[in-house]
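> From just these sequences and the hints, can you work out the full model?
Sequence positions in the sequence shown follow numbering that gives the first Met the number 0 and run 0 to 327.
Keep in mind that the hints were calculated from the coordinates and are not lab data. No experiment lies behind these values; they were computed from the predicted model shown. One or more of the hints may lead you astray.
[Unchecked claim] Okay, derived cross-link-like pairs now, SDA-like style, lysine to any residue, Cα gap no bigger than 25 Å in a straight line: (1) Lys36 x Thr295; (2) Lys36 x Asp17; (3) Lys36 x Gln25.
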Amino acid sequence: MADYINIYGQDILAVASDPVNPTLGQIWYNTTSNTLKGGGVTTAGAWATGNNMNTARFSLAGCGIQTAAVVFGGTQDPPNFGNTEEYDGTSWTTTNPLNTTRKGLGGVGIQTAALAFGGYNLPPAPVGYTNATEEYDGTSWATSPASMNTVTDAMGNAGTQTAGLKFGGTSIPGNTAATEEYNGSSWTSSNPISTATFGLAGAGTQTAALAFGGYVASPAGVGTTEEYDGNSWTTSNPLNTARFYLGGAGTQTAALAFGGDPSTGATELYDGNSWTSNPTGLNTARKSFGGAGTQTLALASGGNPPTTAATEEWTGAGSPLTVTITAS
0 MADYINIYGQ DILAVASDPV NPTLGQIWYN TTSNTLKGGG VTTAGAWATG
50 NNMNTARFSL AGCGIQTAAV VFGGTQDPPN FGNTEEYDGT SWTTTNPLNT
100 TRKGLGGVGI QTAALAFGGY NLPPAPVGYT NATEEYDGTS WATSPASMNT
150 VTDAMGNAGT QTAGLKFGGT SIPGNTAATE EYNGSSWTSS NPISTATFGL
200 AGAGTQTAAL AFGGYVASPA GVGTTEEYDG NSWTTSNPLN TARFYLGGAG
250 TQTAALAFGG DPSTGATELY DGNSWTSNPT GLNTARKSFG GAGTQTLALA
300 SGGNPPTTAA TEEWTGAGSP LTVTITAS
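Structure follows, in structure tokens:
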């Protein structure tokens, strides 16, 4: 008589090392650790420590994905920086700097096609706000002949190098609600966000963006969330933790909010309607850092206080996970 396993079952694969990206329900035997293992998914997201940037700073910009990110600008107050660094998922490499050193600037796009705009200069650069726009090709920055219509820093941003979006921020003589769109050659004013806010975060695209958090008036930040459809803003459900100078990543229907001021590492996920708090946050509470990535794979780099070069990587709920199977 044939064995039952030969009729209905299958052998369990024996391997010396675990699969890199196991599928849900996959089972194998690890001959190195002598353990039975399987593929599952994370039930809650978590932050892990990565390698430090080469230059510690805060009020910098970041964009790209977790394994191909770029950060630029920032300050140690003083000095301001134009420094640009690229992250490959493991380590940081310094490349050519911005033409205009600045802090509090906006940044969108990918590692090989990024956009930098606005910000604030201090000596030795020209003093004051700037509306300068620069484009990055993965090697160096070129100054665009187009400048923002409103000089701004500490703004929210979303989009790509050829379809960028700027909203809110600090300007002259104070906070602004101004929204502007960049098409690769010029900036055009659009309908403003509901409330003049600075230190807010953004996610998404030029025609489907998300604005959240920020600072309106003393004594603390806000949790306000607004969605943009390429023309106007609509108020949605607020963050669970009100804050400003926070990080943002993802899309309008799958966004991630993390860190911020008052000092917090709180991490929340947005599903297109409401925010859900993750059980754990950043390992180091901070504000004014460079954020990049998606809702499931994000990056936080730099920030303060104190001024740091620390990097953290986020792996969100639903990502592949290897579990060890034991007898109950």
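> Now look at each hint and say whether the structure bears it out.
Hints, one by one, checked against the model:
1. With a C-alpha separation of about 23 Å, the suggested pair Lys36 and Thr295 falls inside the 25 Å cut-off, and the hint holds.
2. Taken as a hint, the Lys36 and Asp17 pair is honoured in the structure, with Cα atoms around 8 Å apart against an allowance of 25 Å.
3. As the CA atoms of Lys36 and Gln25 are separated by approximately 8 Å, the hinted pair is consistent with the 25 Å bound.
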